[in-house]
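Start counting the sequence shown at 1; every next residue gets the next number (full-length UniProt numbering).
Don't read these hints as lab results, they were simulated from the structure. Computed from a predicted model, the values in this text were never measured in an experiment. Glycine is no exception: its CB is placed at the ideal position from the N, C-alpha and C atoms. Take the hints with a grain of salt, since some may be wrong.
What the hints assert, rightly or not - Here are the simulated DSBU-like pairs of lysine-lysine, each with C-alpha atoms no more than 35 Å apart in a straight line:
1) K25 with K90
2) K63 with K156
3) K286 with K63
4) K25 with K156
5) K156 with K286
6) K25 with K59
What the hints assert, rightly or not - Now the in silico label distances, taken between C-beta atoms and shown as ranges:
7) V48 with S229: 22 to 28 Å
8) F283 with G11: 22 to 28 Å
9) V223 with L39: 30 to 36 Å
10) V223 with G172: 39 to 45 Å
11) E273 with D65: 27 to 33 Å
12) L253 with Y204: 48 to 54 Å
13) L174 with E102: 33 to 39 Å
14) A98 with S12: 25 to 31 Å
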Amino acid sequence: MADTASQMLLGSGLTVLSQPLMYVKVLVQVGYEPLPPTLGRNIFGRQVYQLPGLFAYAKHIMKIDGRAGLFKGLTPRLCSGAIGTIVHSKVLQHCQEADQVEDPGISPKESSSSLEQVVKETSQEMIARSAATLVTHPFHVITLRCMVQFIGRETKYSGVLSSFVTIYREEGILGFFAGLIPRLLGDILSLWLCNMLAYLINTYALENGVSTMTEMKSYSQAVTGFFASMLTYPFVLVSNLMAINSCGLAGGLPPYAPAYSSWLHCWSQLQGEGNMSRGNSLFFRKVPAGKRYVWEEKRFH
1 MADTASQMLL GSGLTVLSQP LMYVKVLVQV GYEPLPPTLG RNIFGRQVYQ LPGLFAYAKH
61 IMKIDGRAGL FKGLTPRLCS GAIGTIVHSK VLQHCQEADQ VEDPGISPKE SSSSLEQVVK
121 ETSQEMIARS AATLVTHPFH VITLRCMVQF IGRETKYSGV LSSFVTIYRE EGILGFFAGL
181 IPRLLGDILS LWLCNMLAYL INTYALENGV STMTEMKSYS QAVTGFFASM LTYPFVLVSN
241 LMAINSCGLA GGLPPYAPAY SSWLHCWSQL QGEGNMSRGN SLFFRKVPAG KRYVWEEKRF
301 H
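Could you put the whole structure together from the sequences, leaning on the hints where they help?
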(Lines of atoms letter the chains of each structure in order from A and count residues from 1; the text may use other names and numbers.)
(Lines give C-alpha, C1' and ligand atoms only; values in the text may rest on other atoms or scores of the structure.)
Protein backbone atom coordinates (compact mmCIF):
# COMPACT_ATOMS: atom_id res chain seq x y z
CA MET A 1 0.00 0.00 0.00
CA ALA A 2 2.87 2.36 0.86
CA ASP A 3 4.53 1.56 -2.47
CA THR A 4 1.32 2.36 -4.34
CA ALA A 5 0.90 5.66 -2.47
CA SER A 6 4.50 6.69 -3.22
CA GLN A 7 4.03 5.77 -6.88
CA MET A 8 0.87 7.88 -7.02
CA LEU A 9 2.64 10.84 -5.41
CA LEU A 10 5.64 10.59 -7.72
CA GLY A 11 3.41 10.06 -10.75
CA SER A 12 1.30 13.11 -9.89
CA GLY A 13 4.40 15.28 -9.60
CA LEU A 14 5.73 14.11 -12.96
CA THR A 15 2.30 14.63 -14.52
CA VAL A 16 2.16 18.26 -13.38
CA LEU A 17 5.70 18.93 -14.61
CA SER A 18 5.11 17.27 -17.99
CA GLN A 19 1.66 18.77 -18.63
CA PRO A 20 2.86 21.71 -20.82
CA LEU A 21 4.93 19.27 -22.89
CA MET A 22 1.98 16.94 -23.43
CA TYR A 23 -0.34 19.86 -24.21
CA VAL A 24 1.90 21.12 -27.01
CA LYS A 25 2.47 17.57 -28.25
CA VAL A 26 -1.26 16.86 -28.54
CA LEU A 27 -1.92 20.08 -30.47
CA VAL A 28 0.91 19.21 -32.85
CA GLN A 29 -0.41 15.66 -33.22
CA VAL A 30 -3.82 16.89 -34.39
CA GLY A 31 -2.06 19.14 -36.91
CA TYR A 32 -2.68 22.54 -35.33
CA GLU A 33 0.07 24.86 -36.56
CA PRO A 34 -0.76 28.52 -35.80
CA LEU A 35 2.79 29.78 -36.35
CA PRO A 36 4.53 30.00 -39.74
CA PRO A 37 7.78 28.18 -40.48
CA THR A 38 11.06 29.96 -39.83
CA LEU A 39 14.46 29.59 -41.44
CA GLY A 40 16.72 27.46 -39.28
CA ARG A 41 19.31 24.71 -39.45
CA ASN A 42 18.74 20.97 -39.24
CA ILE A 43 20.95 18.53 -37.33
CA PHE A 44 23.37 18.48 -40.29
CA GLY A 45 23.75 22.26 -40.31
CA ARG A 46 21.83 22.89 -43.53
CA GLN A 47 19.43 25.83 -43.74
CA VAL A 48 15.81 24.64 -43.96
CA TYR A 49 12.38 25.97 -43.13
CA GLN A 50 11.16 24.49 -39.86
CA LEU A 51 8.03 24.80 -37.76
CA PRO A 52 8.46 26.43 -34.33
CA GLY A 53 9.53 24.05 -31.58
CA LEU A 54 8.24 23.37 -28.09
CA PHE A 55 9.22 26.67 -26.47
CA ALA A 56 7.90 28.90 -29.26
CA TYR A 57 4.63 26.93 -29.30
CA ALA A 58 4.28 27.16 -25.50
CA LYS A 59 4.97 30.90 -25.65
CA HIS A 60 2.16 31.27 -28.19
CA ILE A 61 -0.27 29.46 -25.85
CA MET A 62 0.78 31.62 -22.89
CA LYS A 63 0.28 34.77 -24.98
CA ILE A 64 -3.37 33.79 -25.46
CA ASP A 65 -4.32 31.97 -22.23
CA GLY A 66 -1.53 32.91 -19.81
CA ARG A 67 0.65 30.46 -17.89
CA ALA A 68 -2.40 28.62 -16.54
CA GLY A 69 -3.38 27.88 -20.13
CA LEU A 70 -0.52 25.38 -20.37
CA PHE A 71 -2.26 23.18 -17.80
CA LYS A 72 -5.59 22.55 -19.51
CA GLY A 73 -6.67 18.96 -19.06
CA LEU A 74 -4.50 18.48 -15.97
CA THR A 75 -7.31 17.41 -13.61
CA PRO A 76 -8.60 14.44 -15.65
CA ARG A 77 -5.00 13.46 -16.38
CA LEU A 78 -4.21 13.39 -12.66
CA CYS A 79 -7.33 11.29 -12.06
CA SER A 80 -6.24 8.91 -14.82
CA GLY A 81 -2.76 8.56 -13.35
CA ALA A 82 -3.95 7.92 -9.79
CA ILE A 83 -6.64 5.41 -10.74
CA GLY A 84 -4.34 3.71 -13.24
CA THR A 85 -1.63 3.25 -10.61
CA ILE A 86 -4.06 1.62 -8.17
CA VAL A 87 -5.60 -0.68 -10.79
CA HIS A 88 -2.20 -1.67 -12.19
CA SER A 89 -0.86 -2.46 -8.71
CA LYS A 90 -3.89 -4.51 -7.67
CA VAL A 91 -4.12 -6.52 -10.90
CA LEU A 92 -0.37 -7.21 -10.96
CA GLN A 93 -0.46 -8.32 -7.32
CA HIS A 94 -3.39 -10.63 -8.08
CA CYS A 95 -1.52 -12.16 -11.04
CA GLN A 96 1.59 -12.73 -8.94
CA GLU A 97 -0.41 -14.30 -6.12
CA ALA A 98 -2.19 -16.59 -8.58
CA ASP A 99 1.21 -17.58 -9.98
CA GLN A 100 2.42 -18.34 -6.46
CA VAL A 101 -0.52 -20.68 -5.90
CA GLU A 102 0.41 -22.61 -9.04
CA ASP A 103 4.17 -22.64 -8.27
CA PRO A 104 4.53 -22.31 -4.48
CA GLY A 105 8.25 -23.06 -4.59
CA ILE A 106 9.12 -19.84 -6.41
CA SER A 107 9.50 -16.57 -4.51
CA PRO A 108 7.61 -13.62 -6.06
CA LYS A 109 10.81 -11.55 -5.92
CA GLU A 110 13.02 -14.28 -7.33
CA SER A 111 14.75 -13.00 -10.44
CA SER A 112 15.34 -15.25 -13.38
CA SER A 113 16.84 -14.56 -16.77
CA SER A 114 15.17 -17.53 -18.44
CA LEU A 115 12.95 -16.87 -21.41
CA GLU A 116 10.06 -18.64 -19.67
CA GLN A 117 10.30 -16.28 -16.70
CA VAL A 118 10.52 -13.21 -18.94
CA VAL A 119 7.43 -14.30 -20.87
CA LYS A 120 5.55 -14.95 -17.64
CA GLU A 121 6.44 -11.58 -16.12
CA THR A 122 5.69 -9.75 -19.38
CA SER A 123 2.30 -11.45 -19.61
CA GLN A 124 1.45 -10.38 -16.06
CA GLU A 125 2.54 -6.82 -16.77
CA MET A 126 0.51 -6.82 -20.00
CA ILE A 127 -2.65 -7.84 -18.15
CA ALA A 128 -2.08 -5.19 -15.46
CA ARG A 129 -1.37 -2.41 -17.97
CA SER A 130 -4.32 -3.36 -20.16
CA ALA A 131 -6.68 -3.31 -17.17
CA ALA A 132 -5.38 0.10 -16.09
CA THR A 133 -5.71 1.46 -19.63
CA LEU A 134 -9.26 0.14 -19.98
CA VAL A 135 -10.40 1.71 -16.70
CA THR A 136 -8.70 5.08 -17.22
CA HIS A 137 -9.33 5.59 -20.93
CA PRO A 138 -12.45 7.76 -20.37
CA PHE A 139 -10.26 10.21 -18.41
CA HIS A 140 -7.71 10.09 -21.23
CA VAL A 141 -10.39 11.00 -23.76
CA ILE A 142 -11.55 13.94 -21.62
CA THR A 143 -7.94 15.11 -21.19
CA LEU A 144 -7.37 15.20 -24.95
CA ARG A 145 -10.63 17.00 -25.66
CA CYS A 146 -9.95 19.63 -22.99
CA MET A 147 -6.64 20.35 -24.74
CA VAL A 148 -7.98 20.37 -28.30
CA GLN A 149 -10.58 23.01 -27.31
CA PHE A 150 -7.75 25.52 -27.67
CA ILE A 151 -8.08 25.30 -31.46
CA GLY A 152 -11.71 26.46 -31.68
CA ARG A 153 -11.76 28.34 -28.35
CA GLU A 154 -14.61 26.14 -27.10
CA THR A 155 -15.59 25.48 -23.48
CA LYS A 156 -17.58 22.31 -24.08
CA TYR A 157 -15.38 20.17 -21.84
CA SER A 158 -14.85 22.37 -18.79
CA GLY A 159 -14.95 19.85 -15.93
CA VAL A 160 -14.50 16.14 -15.34
CA LEU A 161 -18.07 15.35 -14.24
CA SER A 162 -19.72 17.63 -16.82
CA SER A 163 -17.50 16.10 -19.51
CA PHE A 164 -18.68 12.60 -18.55
CA VAL A 165 -22.28 13.79 -18.89
CA THR A 166 -21.60 15.47 -22.25
CA ILE A 167 -19.91 12.42 -23.76
CA TYR A 168 -22.59 10.03 -22.51
CA ARG A 169 -25.40 12.26 -23.79
CA GLU A 170 -23.89 12.77 -27.25
CA GLU A 171 -22.03 9.52 -27.93
CA GLY A 172 -23.17 6.95 -25.39
CA ILE A 173 -20.89 4.49 -23.62
CA LEU A 174 -18.72 3.95 -26.70
CA GLY A 175 -17.72 7.62 -26.64
CA PHE A 176 -15.66 6.99 -23.51
CA PHE A 177 -13.56 4.42 -25.37
CA ALA A 178 -12.83 6.31 -28.59
CA GLY A 179 -9.32 5.41 -29.72
CA LEU A 180 -8.98 2.58 -27.20
CA ILE A 181 -8.03 -0.22 -29.63
CA PRO A 182 -4.91 1.41 -31.17
CA ARG A 183 -3.84 2.58 -27.69
CA LEU A 184 -4.07 -0.95 -26.28
CA LEU A 185 -2.30 -2.45 -29.28
CA GLY A 186 0.48 0.12 -29.04
CA ASP A 187 0.98 -0.50 -25.30
CA ILE A 188 1.07 -4.27 -25.72
CA LEU A 189 3.45 -4.20 -28.70
CA SER A 190 5.74 -1.71 -26.95
CA LEU A 191 5.88 -3.83 -23.79
CA TRP A 192 6.69 -7.08 -25.59
CA LEU A 193 9.24 -5.45 -27.91
CA CYS A 194 10.96 -3.76 -24.98
CA ASN A 195 11.18 -6.87 -22.80
CA MET A 196 12.12 -9.28 -25.58
CA LEU A 197 14.83 -7.01 -26.95
CA ALA A 198 16.19 -6.43 -23.44
CA TYR A 199 16.23 -10.20 -22.86
CA LEU A 200 18.15 -10.83 -26.09
CA ILE A 201 20.68 -8.09 -25.32
CA ASN A 202 21.18 -9.17 -21.71
CA THR A 203 21.48 -12.84 -22.66
CA TYR A 204 23.58 -12.77 -25.80
CA ALA A 205 25.27 -9.35 -26.02
CA LEU A 206 26.40 -8.78 -22.42
CA GLU A 207 28.94 -11.12 -20.88
CA ASN A 208 28.39 -12.51 -17.41
CA GLY A 209 30.82 -11.66 -14.65
CA VAL A 210 31.17 -7.98 -15.47
CA SER A 211 31.13 -5.88 -12.28
CA THR A 212 28.68 -3.40 -13.77
CA MET A 213 26.37 -6.06 -15.18
CA THR A 214 23.29 -4.89 -13.25
CA GLU A 215 23.86 -1.31 -14.36
CA MET A 216 24.40 -2.36 -17.98
CA LYS A 217 21.18 -4.36 -17.96
CA SER A 218 19.23 -1.37 -16.65
CA TYR A 219 20.70 0.73 -19.46
CA SER A 220 19.71 -1.89 -22.02
CA GLN A 221 16.15 -1.82 -20.66
CA ALA A 222 16.01 1.96 -21.08
CA VAL A 223 17.41 1.82 -24.62
CA THR A 224 15.04 -0.91 -25.74
CA GLY A 225 12.12 0.95 -24.13
CA PHE A 226 12.97 4.07 -26.14
CA PHE A 227 13.36 2.02 -29.34
CA ALA A 228 10.03 0.24 -28.76
CA SER A 229 8.20 3.51 -28.11
CA MET A 230 9.55 4.94 -31.37
CA LEU A 231 8.33 1.92 -33.33
CA THR A 232 4.86 1.99 -31.80
CA TYR A 233 4.39 5.77 -31.90
CA PRO A 234 1.91 5.60 -34.83
CA PHE A 235 -0.52 3.74 -32.53
CA VAL A 236 -0.33 6.62 -30.03
CA LEU A 237 -0.95 9.18 -32.77
CA VAL A 238 -3.91 7.31 -34.26
CA SER A 239 -5.42 6.69 -30.82
CA ASN A 240 -5.30 10.39 -29.91
CA LEU A 241 -6.76 11.45 -33.25
CA MET A 242 -9.63 8.97 -32.91
CA ALA A 243 -10.34 10.18 -29.35
CA ILE A 244 -11.19 13.67 -30.64
CA ASN A 245 -12.55 12.72 -34.07
CA SER A 246 -16.07 14.04 -34.75
CA CYS A 247 -16.63 14.95 -31.10
CA GLY A 248 -18.13 18.37 -31.81
CA LEU A 249 -14.89 20.34 -31.42
CA ALA A 250 -13.41 22.34 -34.29
CA GLY A 251 -10.13 20.42 -33.99
CA GLY A 252 -11.86 17.12 -34.70
CA LEU A 253 -14.31 18.15 -37.44
CA PRO A 254 -14.14 18.96 -41.17
CA PRO A 255 -12.86 21.09 -42.80
CA TYR A 256 -10.08 21.29 -40.19
CA ALA A 257 -9.80 17.53 -39.63
CA PRO A 258 -11.11 14.63 -41.74
CA ALA A 259 -13.95 12.46 -40.44
CA TYR A 260 -12.42 9.01 -39.98
CA SER A 261 -14.72 6.01 -40.24
CA SER A 262 -12.39 3.84 -38.14
CA TRP A 263 -8.90 3.84 -36.69
CA LEU A 264 -7.71 1.80 -39.68
CA HIS A 265 -9.02 4.54 -41.99
CA CYS A 266 -7.14 7.12 -39.90
CA TRP A 267 -3.96 5.02 -40.07
CA SER A 268 -4.27 4.60 -43.84
CA GLN A 269 -4.78 8.31 -44.46
CA LEU A 270 -1.90 9.40 -42.24
CA GLN A 271 0.35 6.84 -43.90
CA GLY A 272 -0.64 8.09 -47.34
CA GLU A 273 0.19 11.66 -46.33
CA GLY A 274 3.50 10.67 -44.74
CA ASN A 275 2.33 11.96 -41.34
CA MET A 276 2.76 8.83 -39.21
CA SER A 277 5.41 10.53 -37.06
CA ARG A 278 3.62 13.89 -36.65
CA GLY A 279 4.22 15.17 -33.14
CA ASN A 280 6.89 12.59 -32.34
CA SER A 281 9.50 15.33 -32.11
CA LEU A 282 8.93 18.89 -30.93
CA PHE A 283 12.25 20.13 -32.32
CA PHE A 284 13.60 20.28 -35.90
CA ARG A 285 10.04 19.85 -37.19
CA LYS A 286 9.36 19.73 -40.89
CA VAL A 287 6.07 20.98 -42.31
CA PRO A 288 3.50 18.12 -42.25
CA ALA A 289 1.58 17.38 -45.42
CA GLY A 290 -2.05 16.69 -46.12
CA LYS A 291 -3.99 19.89 -45.41
CA ARG A 292 -3.91 23.66 -45.18
CA TYR A 293 -2.72 25.09 -41.86
CA VAL A 294 -3.66 28.15 -39.83
CA TRP A 295 -0.84 30.39 -41.02
CA GLU A 296 -1.68 29.45 -44.62
CA GLU A 297 -5.32 30.40 -44.08
CA LYS A 298 -4.25 33.82 -42.81
CA ARG A 299 -1.94 34.34 -45.79
CA PHE A 300 -4.64 33.14 -48.20
CA HIS A 301 -7.22 35.58 -46.87
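Verification of the supplied hints:
1. K25 with K90: The given pair, whose Cα atoms are some 31 Å apart, holds under the 35 Å limit.
2. K63 with K156: holds, 22 Å
3. K286 with K63: holds, 24 Å
4. K25 with K156: This hinted pair holds, its Cα atoms lying about 21 Å apart.
5. K156 with K286: It holds: about 32 Å lies between the C-alpha atoms, which stays within 35 Å.
6. K25 with K59: Roughly 14 Å separates the two Cα atoms, so the pair holds.
7. V48 with S229: 22 to 28 Å: holds, 26 Å
8. F283 with G11: 22 to 28 Å: holds, 26 Å
9. V223 with L39: 30 to 36 Å: Holds, at about 34 Å.
10. V223 with G172: 39 to 45 Å: holds, 43 Å
11. E273 with D65: 27 to 33 Å: This hint holds: roughly 30 Å between Cβ atoms.
12. L253 with Y204: 48 to 54 Å: At 51 Å between Cβs, range holds.
13. L174 with E102: 33 to 39 Å: The hint (33 to 39 Å, Cβ to Cβ) holds, given that L174 and E102 are roughly 37 Å apart.
14. A98 with S12: 25 to 31 Å: With Cβ atoms ~30 Å apart, the hint holds.
Violation of the numbered hints given earlier is absent; every hint is satisfied by the structure.
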